[in-house]
Amino acid sequence: NAGVMQNPRHLVRRRGQEARLRCSPMKGHSHVYWYRQLPEEGLKFMVYLQKENIIDESGMPKERFSAEFPKEGPSILRIQQVVRGDSAAYFCASSPPTGSSGNTIYFGEGSWLTVV
Amino acid sequence: AQTVTQSQPEMSVQEAETVTLSCTYDTSENNYYLFWYKQPPSRQMILVIRQEAYKQQNATENRFSVNFQKAAKSFSLKISDSQLGDTAMYFCALPGGGADGLTFGKGTHLIIQP
Numbered sequence: 001n002a003g004v005m006q007n008p009r010h011l012v013r014r015r016g017q018e019a020r021l022r023c024s025p026m027k028g029h030s031h032v033y034w035y036r037q038l039p040e041e042g043l044k045f046m047v048y049l050q051k052e053n054i055i056d057e058s059g060m061p062k063e064r065f066s067a068e069f070p071k072e073g074p075s076i077l078r079i080q081q082v083v084r085g086d087s088a089a090y091f092c093a094s095s096p097p098t099g100s101s102g103n104t105i106y107f108g109e110g111s112w113l114t115v116v
Numbered sequence: 001a002q003t004v005t006q007s008q009p010e011m012s013v014q015e016a017e018t019v020t021l022s023c024t025y026d027t028s029e030n031n032y033y034l035f036w037y038k039q040p041p042s043r044q045m046i047l048v049i050r051q052e053a054y055k056q057q058n059a060t061e062n063r064f065s066v067n068f069q070k071a072a073k074s075f076s077l078k079i080s081d082s083q084l085g086d087t088a089m090y091f092c093a094l095p096g097g098g099a100d101g102l103t104f105g106k107g108t109h110l111i112i113q114p
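Chains A and B are the protein sequences, given in the same order.
For the first sequence, the numbering used here gives the first residue as 1, with consecutive numbering after it.
For the second sequence, the numbering used here gives the first residue as 1, with consecutive numbering after it.
With the rest of the complex left out, here is chain A (with noise of 0.2 Å):
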């Protein structure tokens, strides 16, 4: 049972590019989540999704960032014309339908951002 897969492992744009980060989650899993890393931080939380809706964009900038788990294929984190400042990790999760595995939620190696 492949674990949540994450590609690109790293992604180096220059500024104002487009950045795609996908994720694939676990088999049986049918919750993904996004999180970033900045560095010397802890992960903050930026959205939740289930297939085909966007349950929770609480943490996502309203701008230039987006998410999407379409019905078929991996979930898609896209950040349209970064800035440097978007130089971080993010890690995408996934975990089960609520409540059949008290919550636990297992992480990808993450993908690493950089913006020149």
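Any given hint might turn out to be false.
With a cut-off of at most 25 Å between alpha-carbon atoms, the simulated SDA-like pairs for lysine to any residue come out as follows [claimed, not checked]:
{"hint": "1", "chain 1": "A", "residue 1": "44", "chain 2": "B", "residue 2": "26"}
{"hint": "2", "chain 1": "A", "residue 1": "44", "chain 2": "B", "residue 2": "52"}
{"hint": "3", "chain 1": "A", "residue 1": "44", "chain 2": "B", "residue 2": "114"}
{"hint": "4", "chain 1": "A", "residue 1": "71", "chain 2": "A", "residue 2": "22"}
FYI, nobody ran anything at the bench for these hints, they're computed from the structure.
With chain A's structure known, arrange chain B on it following the hints.
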């Protein structure tokens, strides 16, 4: 709102010693889970241990155990017989960061010295 506080930014101990990392939290929930995650230099987030708040017995996973004090809202992690591979950032986490997501503390950087 949920809050998680880790008051020790960095700790350093000798190999084979026992070390305790502290975590306090605030929540309005009555039934919840608490987690400790480890982030080694590889930056992967690894679940170390979890505690169910309605259970009085402290969780244990091999060399890792917790001291859970529900009334005090304290959830410390004890690592016995520490090993060099335990060197990592350790994050305490509590559900609440978006539906079933997590709110993390700022982390404790644990260094195990040979």
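Here is how each hint holds up against the structure:
For the given pair, residue 44 of chain A sits about 17 Å from residue 26 of chain B by alpha-carbon distance, which is consistent with the 25 Å threshold. The straight-line distance between the Cα atoms of residue 44 of chain A and residue 52 of chain B is roughly 23 Å, inside the 25 Å bound, and the hint therefore holds. Annotation: proposed proximity of residue 44 of chain A to residue 114 of chain B is violated, straight-line Cα distance about 33 Å (limit 25 Å). Between residue 71 of chain A and residue 22 of chain A the CA atoms are separated by roughly 14 Å; this keeps the pair inside 25 Å, and the hint holds.
In summary, the structure is inconsistent with hint 3 from the numbered list given earlier, while agreeing with all the others.
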